[in-house]
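Read off the chains here:
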Amino acid sequence: MSLKLRIWRQADARDKGSMVTYQLQNVSPDMSFLEMLDVLNERLTLDGEDPVAFDHDCREGICGMCSLVINGVPHGPEKATTTCQLHMRHFSDGETIDIEPWRAAAFPVVKDLVVDRRAFDKIIQAGGFISAPTGSAPDAHAAPVPKADADAAFEAATCIGCGACVAACPNGSGMLFTAAKITHLGLLPQGQPERDTRVIDMLHAHDEAGFGGCTNTGECTSVCPKGIPLETISRLNKDYRKALHAAS
Amino acid sequence: MAISGAALVLFLLAHMIGNLKIFFGADAFDHYAHWLRDIGAPMLPHSGFLWIQRVGLLVALVLHIWSAAVLTIRARKARPVKYAHRKPVQGSYAARTMRWGGVIVFLFVVYHILDLTTRHLNPVADTSKAHAAVAADFGPDRWYVTAFYTLAVVTLGFHLRHGIWSALQTLGVSNARRERVLKAVAFAVAFVICAGFLAVPFAVLTGLVK
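Chain order of the listed sequences is G and R. Residue 1 is where the first sequence starts when you use my numbering, and the numbers rise one by one after that. Residue 1001 is where the second sequence starts when you use my numbering, and the numbers rise one by one after that.
Worth flagging that the hints you see were computed from the coordinates, not collected in a lab. Keep in mind the model is a prediction, meaning the values are calculated, not measured. A hint or two may mislead.
In the BS3-like style, the derived pairs of lysine-lysine whose C-alpha atoms are separated by at most 30 Å in a straight line are [said to hold, decoys possible]:
1) Lys111(G) with Lys1087(R)
2) Lys4(G) with Lys1082(R)
3) Lys79(G) with Lys1129(R)
4) Lys147(G) with Lys4(G)
5) Lys226(G) with Lys147(G)
6) Lys1183(R) with Lys226(G)
7) Lys1183(R) with Lys79(G)
8) Lys238(G) with Lys1129(R)
9) Lys79(G) with Lys242(G)
10) Lys122(G) with Lys79(G)
11) Lys1087(R) with Lys4(G)
12) Lys1183(R) with Lys147(G)
13) Lys79(G) with Lys1082(R)
14) Lys1077(R) with Lys111(G)
15) Lys79(G) with Lys147(G)
16) Lys79(G) with Lys1021(R)
17) Lys122(G) with Lys1077(R)
18) Lys1183(R) with Lys238(G)
19) Lys1021(R) with Lys1129(R)
20) Lys242(G) with Lys1129(R)
21) Lys1087(R) with Lys226(G)
22) Lys1129(R) with Lys226(G)
23) Lys16(G) with Lys1082(R)
24) Lys16(G) with Lys1077(R)
25) Lys1087(R) with Lys16(G)
26) Lys238(G) with Lys122(G)
27) Lys4(G) with Lys122(G)
28) Lys1183(R) with Lys111(G)
29) Lys122(G) with Lys1129(R)
30) Lys111(G) with Lys122(G)
31) Lys226(G) with Lys1082(R)
In isolation and in its complexed conformation, chain G is listed as follows (with noise of 0.2 Å):
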């Protein structure tokens, strides 16, 4: 395949930064989208260019280190996929495709395509954690948990905490990465002891991060690599509505 790839160029956080267009040939249908980027950064360097900074770590879609918001689209036109699983058989040969880094105030960009995702460690320090006497596992079954809310906050606890939901969000807003947070912890006995503080000081860090605020559009679940549905969101605004209850 020969590909045109339009890529955001961005020398540092003060850098005004732009795209620049390069032209790729040869690239294998059966490469995966961050392995198409290794062989022209291999060219860059050998071309004596700065190579394309991006992020990555596991290239299995578990670590939630890629990002990239590929042809307007976070992680790019597969469903439910990480832009390390994404291959390039995806794409038709001749395309032209645009890469650009996540676009929010919350997220600033370091270089190129890689941005700082510290504000999201900001929201998990704020309440995303369970108080617990550490020691010896517990016994299993110890605390009996029903099997729909096991498997429900299972499903939220896949949120690899990328942030392709407040890259596709219109708001800039980070309430899904939130939300799966809330209900995963949520739901568990584990949780219970912190939940009323911990959806008020989350969703406080959240804002405080500079994230916009949700509108329910539901961007974020269509993109979302983990598939977190919308509903967390509902259960985030359930939890807060109870826990200023609790409070006044």
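We have chain G already, so just place chain R on it with the hints.
Same frame as chain G, but now just chain R:
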């Protein structure tokens, strides 16, 4: 957003049901219009209830617009650099047009009050003649009034379709099992309000109501 919106939706339902009185004849409609001004009499003065309602609606409207403005400003701040390539929002058309749709509906409301409440823009200046004002307003010679009315009501329908569901989600009423039902309810309410409001001008236009 959700609570002020809910108040406005309840008013719309009442307003729509009242409008449909026109199908029971001119006398019934005018009687209804006069009754609106006599609600609560003699405890309330003439039009007393209407003024209480107007103040309530104004408060709800101001809160609604204020919340929308806050959300819009936050959204702008949250994405200072735009995407060079942005696919249209994959969510519904209704969700995408909430902000400008809201502006269109607001402009219509201003026009609508000048038209059928204060009668500045209506051929029938006598405010005691409700039926005559409606019949004159939507006549075939004033087709542009009906056109703008239709545009505004359809825009309102889209606004309600997303707005009602979004409000239920914001209030935490929705969940995985209820989501489809609540979306269907939002669509049904939006459709009924749309159809109910459009029935009147089209009945006048086609000569069904004279």
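Structure-based check of each hint:
With a C-alpha separation of about 24 Å, the suggested pairing of Lys111(G) with Lys1087(R) holds against the 30 Å cut-off. Our distance criterion of 30 Å between C-alpha atoms is met by Lys4(G) and Lys1082(R), whose separation comes to about 22 Å. With a C-alpha separation of about 59 Å, the suggested pairing of Lys79(G) with Lys1129(R) is violated against the 30 Å cut-off. With a CA separation close to 49 Å, the supplied pair Lys147(G) and Lys4(G) exceeds the 30 Å bound.
In summary, the hint linking Lys226(G) to Lys147(G) is supported, as the alpha carbons are separated by about 20 Å, within the 30 Å threshold. Restraint check for Lys1183(R) and Lys226(G): the C-alpha separation of about 23 Å stays at or below 30 Å, so the hint holds. Of the supplied pair hints, the one linking Lys1183(R) and Lys79(G) holds, its CA atoms being roughly 23 Å apart against a limit of 30 Å. Taking the CA atoms of Lys238(G) and Lys1129(R), the gap is near 48 Å; set against the 30 Å cutoff, the hint is violated.
Of the pairs offered as hints, the one joining Lys79(G) and Lys242(G) is violated, with about 34 Å between alpha carbons and a cut-off of 30 Å exceeded. About 28 Å separates the Cα atoms of Lys122(G) and Lys79(G), which keeps this hinted pair within 30 Å; it holds. In summary, the hint linking Lys1087(R) to Lys4(G) is supported, as the alpha carbons are separated by about 19 Å, within the 30 Å threshold. A distance of roughly 27 Å separates the Cα atoms of Lys1183(R) and Lys147(G); the hinted pair therefore holds under the 30 Å criterion.
For the hint linking Lys79(G) to Lys1082(R), the alpha-carbon distance of about 23 Å falls within 30 Å, and the restraint holds. A hinted pair counts as satisfied when its Cα atoms are at most 30 Å apart, and Lys1077(R) with Lys111(G) qualifies at roughly 21 Å. The straight-line distance between the Cα atoms of Lys79(G) and Lys147(G) is roughly 27 Å, inside the 30 Å bound, and the hint therefore holds. In summary, the hint linking Lys79(G) to Lys1021(R) is not supported, as the alpha carbons are separated by about 50 Å, beyond the 30 Å threshold.
The hinted pair formed by Lys122(G) and Lys1077(R) meets the criterion: a straight-line CA distance of about 19 Å does not exceed 30 Å. Restraint check: the Cα-Cα separation between Lys1183(R) and Lys238(G) comes to about 18 Å, which is no more than 30 Å; the hinted pair holds. At most 30 Å may separate the alpha-carbon atoms for a hinted pair to count; Lys1021(R) and Lys1129(R) meet this at roughly 14 Å. For the hint linking Lys242(G) to Lys1129(R), the alpha-carbon distance of about 50 Å lies beyond 30 Å, and the restraint is violated.
Under the criterion of a C-alpha separation no larger than 30 Å, the hint pairing Lys1087(R) with Lys226(G) is consistent with the structure, at around 20 Å. Between Lys1129(R) and Lys226(G) the CA atoms are separated by roughly 61 Å; this puts the pair beyond 30 Å, and the hint is violated. Restraint check for Lys16(G) and Lys1082(R): the C-alpha separation of about 13 Å stays at or below 30 Å, so the hint holds. Between Lys16(G) and Lys1077(R), the direct Cα distance comes to roughly 17 Å. Compliance with the 30 Å bound is thereby established for this hinted pair.
For the hint pairing Lys1087(R) with Lys16(G), the CA-to-CA distance comes to about 23 Å; that is within 30 Å, so the pair holds. Between the alpha carbons of Lys238(G) and Lys122(G) the distance comes to roughly 22 Å, so the proposed pair stays at or under 30 Å and holds. Distance check on the hinted pair: Lys4(G) and Lys122(G) sit about 38 Å apart at the alpha-carbon level, beyond 30 Å; violated. At most 30 Å may separate the alpha-carbon atoms for a hinted pair to count; Lys1183(R) and Lys111(G) exceed this at roughly 42 Å.
For the suggested pair Lys122(G) and Lys1129(R), the alpha carbons sit about 63 Å apart, so the restraint of at most 30 Å is broken. Restraint check for Lys111(G) and Lys122(G): the C-alpha separation of about 21 Å stays at or below 30 Å, so the hint holds. This hinted pair checks out: Lys226(G) and Lys1082(R) have alpha carbons roughly 25 Å apart, not beyond 30 Å.
Checked against the numbered hints above, the structure breaks hints 3, 4, 8, 9, 16, 20, 22, 27, 28, 29 and satisfies the rest.
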